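The whole structure should be built from the sequences, with the hints applied where relevant.
Count the sequence shown with my numbering and you get residues 2 to 140, in order.
Everything labelled a hint here was simulated from the structure, so no lab data went into it. Do not take every clue at face value.
Below 25 Å or equal to it, Euclidean Cα-Cα: the simulated SDA-like pairs (lysine to any residue) are [said to hold, decoys possible]:
(1) K47 / D94
(2) K47 / R76
(3) K47 / T29
(4) K47 / L32
(5) K47 / F77
(6) K47 / W34
(7) K106 / D94
(8) K106 / D128
(9) K47 / P80
(10) K47 / K106
(11) K47 / T24
(12) K47 / L37
(13) K47 / L17
(14) K47 / A71
(15) K47 / R72
(16) K47 / N88
(17) K47 / D128
(18) K47 / E68
(19) K47 / Q18
(20) K106 / G67
(21) K47 / G62
(22) K47 / L21
(23) K47 / G75
(24) K47 / S69
(25) K47 / R59
(26) K47 / G67
(27) K47 / R23
(28) K47 / L64
(29) K47 / D61
(30) K47 / G58
(31) K106 / F77
(32) K47 / I84
(33) K47 / T36
(34) K47 / A20
DEER-style ranges, computed between Cβ atoms [what the hints assert, rightly or not]:
(35) A52 / R72: 12 to 22 Å
(36) F85 / D128: 38 to 48 Å
(37) R76 / P115: 12 to 22 Å
(38) K106 / T24: 14 to 24 Å
(39) P110 / R43: 30 to 40 Å
(40) F77 / P27: 15 to 25 Å
On a predicted model such as this, the values are computed, not experimentally measured, just so you know. C-beta atoms are modelled at their ideal positions from N, C-alpha and C, and glycine is treated no differently.
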Amino acid sequence: ARARRRARPVRGSRSLQAALHRTLHPATRLLIWATLSEHTERLWGKGRLLARRAILGRADGVLVNGESGARYIGRFGLPEERIFRINQPVDVDLFIAVSRYFGEKMRGPLGLPPGKLAVVYNGIRPDGLYLCGLGGDVS
2 ARARRRARPV RGSRSLQAAL HRTLHPATRL LIWATLSEHT ERLWGKGRLL ARRAILGRAD
62 GVLVNGESGA RYIGRFGLPE ERIFRINQPV DVDLFIAVSR YFGEKMRGPL GLPPGKLAVV
122 YNGIRPDGLY LCGLGGDVS
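This is how it looks when you write it as structure tokens:
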């Protein structure tokens with residue numbers, strides 16, 4: 002009996018190459034790791050959508066990081082039973098402990114008086130610009 006091959010997750014620009022390999026070697030399995038959402042994919046052009054359709058048509062399954070990602074991948078015609086949701090929960094207790102420790106140490110350099118609440122934010126805009134900032138006193 003032939004040993005069953007395991008699917009290995011593929012993500013990023015290597016997905017197209019992996020789909021080509023799958024086409025040339027149909028006995029292999031292709032599992033795509035798609036960390037995306039409807040929001041992150043809304044500005045991509047037709048070329049990217051065509052590439053996605055070609056890649057997903059050869060995939061045995063897709064790992065997504067939430068419901069929005071599952072809806073997005075489902076639009077390409079992939080059956081629901083081949084879309085796997087992998088939630089990536091965060092241990093907030095770790096961040097709370099670090100925040101309390103460094104928060105008190107950073108109040109002076111940031112000019113924040115004790116007992117006042119501030120908001121720190123970061124993210125990436127759709128145009129790729131990285132944002133990081135400190136909101137003022139919000140208490």
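Comparing the hints with the structure gives:
no.	hint	verdict
1	K47 / D94	42 Å, violated
2	K47 / R76	14 Å, holds
3	K47 / T29	28 Å, violated
4	K47 / L32	23 Å, holds
5	K47 / F77	13 Å, holds
6	K47 / W34	21 Å, holds
7	K106 / D94	19 Å, holds
8	K106 / D128	34 Å, violated
9	K47 / P80	22 Å, holds
10	K47 / K106	49 Å, violated
11	K47 / T24	22 Å, holds
12	K47 / L37	17 Å, holds
13	K47 / L17	16 Å, holds
14	K47 / A71	20 Å, holds
15	K47 / R72	18 Å, holds
16	K47 / N88	29 Å, violated
17	K47 / D128	17 Å, holds
18	K47 / E68	23 Å, holds
19	K47 / Q18	19 Å, holds
20	K106 / G67	36 Å, violated
21	K47 / G62	23 Å, holds
22	K47 / L21	20 Å, holds
23	K47 / G75	17 Å, holds
24	K47 / S69	20 Å, holds
25	K47 / R59	19 Å, holds
26	K47 / G67	24 Å, holds
27	K47 / R23	23 Å, holds
28	K47 / L64	23 Å, holds
29	K47 / D61	23 Å, holds
30	K47 / G58	16 Å, holds
31	K106 / F77	50 Å, violated
32	K47 / I84	23 Å, holds
33	K47 / T36	20 Å, holds
34	K47 / A20	19 Å, holds
35	A52 / R72: 12 to 22 Å	19 Å, holds
36	F85 / D128: 38 to 48 Å	31 Å, violated
37	R76 / P115: 12 to 22 Å	51 Å, violated
38	K106 / T24: 14 to 24 Å	55 Å, violated
39	P110 / R43: 30 to 40 Å	38 Å, holds
40	F77 / P27: 15 to 25 Å	20 Å, holds
Hints 1, 3, 8, 10, 16, 20, 31, 36, 37 and 38, counting from the list given before, are not met by this structure.
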